[in-house]
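For the sequence shown, the working numbering begins at 178 and goes up steadily by one.
Calculated directly from the structure, the hints in this document are not laboratory data. One thing to keep in mind: the hints can contain errors.
As the list claims (entries may be wrong) - Under the rule of at most 20 Å between Cα atoms (straight-line distance), these lysine to any residue pairs were calculated in the SDA-like manner:
1) K261 to I361
2) K261 to S308
3) K261 to T272
4) K261 to M287
5) K261 to V321
6) K261 to N290
7) K261 to S298
8) K261 to A320
9) K261 to V370
10) K261 to E208
11) K261 to E282
12) K261 to V376
Remember, it's a predicted structure, so these values are computed and weren't measured experimentally.
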Amino acid sequence: MDANERAEWDENVLPEVDPVLSERRRQKLKEFVMAEIHHTVRPARPRLRLPRPAILIPVMTAAAALVVAATQIIGGTPAYAITKLGDGTIHVTFTEARDPEGLREDLSRMGVNAVVDFVPSGKRCSPQPRSTSLLSAQEAPLAVPPAPQTQVENGFIIDPRVVGRGQTAVIELNVSDDDRIASIWARISNGPVAACELVDNEEGSVGPS
178 MDANERAEWD ENVLPEVDPV LSERRRQKLK EFVMAEIHHT VRPARPRLRL
228 PRPAILIPVM TAAAALVVAA TQIIGGTPAY AITKLGDGTI HVTFTEARDP
278 EGLREDLSRM GVNAVVDFVP SGKRCSPQPR STSLLSAQEA PLAVPPAPQT
328 QVENGFIIDP RVVGRGQTAV IELNVSDDDR IASIWARISN GPVAACELVD
378 NEEGSVGPS
């Protein structure tokens, strides 16, 4: 407060007081009034601005050349493993011959539309053939013999590139009594594929006889 403002304040704000009041009481009254003015008139608080939430940008990792998928029972060991090899073929190995539906789903996620059935020893799938539009192994070589450097123990290799749009890979796996893959039959169908109904068969063969 400058000198002019203080003089105006003394003239207009301070009440008339008895001249007998001591200068000390006058000063206390002045301080009281000023304190009340300061207490009542406060500057407006600035509006609180909340920070905008940070935008999270997901970081995509580079796709690996080797893709491995497995299925398992909780607390158990994987029933099988799927490996996509460097030449584009898919290598499936088994620790147990079970969960054909899980294998079908995993193959589907890798771009292969397939039906998969395990055929125990002494059984076979019926009806045969399961499709009226099966391609021969020469027309569509789905099953691939393993390369010399590739060890296939209790499993098989297929080439997903021979399965075209609208086609189905039909895979039947003959399972031996010791729970190992004894043989594989794999073909491509251009049309619907009948469900596998297991019937007795002494030879335990897979595919059409």
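How the hints compare with the structure:
Of the supplied pair hints, the one linking K261 and I361 holds, its CA atoms being roughly 19 Å apart against a limit of 20 Å. A hinted pair counts as satisfied when its Cα atoms are at most 20 Å apart, and K261 with S308 does not qualify at roughly 28 Å. A C-alpha spacing of about 18 Å is found between K261 and T272, which places the hinted pair at or below 20 Å, so the restraint holds. The hinted pair formed by K261 and M287 meets the criterion: a straight-line CA distance of about 9 Å does not exceed 20 Å.
Distance restraint check for K261 and V321: the Cα-Cα separation of roughly 13 Å lies within the 20 Å cut-off, and the hinted pair is therefore satisfied. Using a Cα cut-off of 20 Å, the hinted pair K261 and N290 holds, with the two alpha carbons roughly 16 Å apart. Distance check on the hinted pair: K261 and S298 sit about 29 Å apart at the alpha-carbon level, beyond 20 Å; violated. A distance of roughly 14 Å separates the Cα atoms of K261 and A320; the hinted pair therefore holds under the 20 Å criterion.
Note on K261 and V370: the hinted pairing is violated, with a Cα-Cα distance of about 26 Å set against a maximum of 20 Å. For the hint linking K261 to E208, the alpha-carbon distance of about 88 Å lies beyond 20 Å, and the restraint is violated. Restraint check: the Cα-Cα separation between K261 and E282 comes to about 15 Å, which is no more than 20 Å; the hinted pair holds. For the given pair, K261 sits about 34 Å from V376 by alpha-carbon distance, which is inconsistent with the 20 Å threshold.
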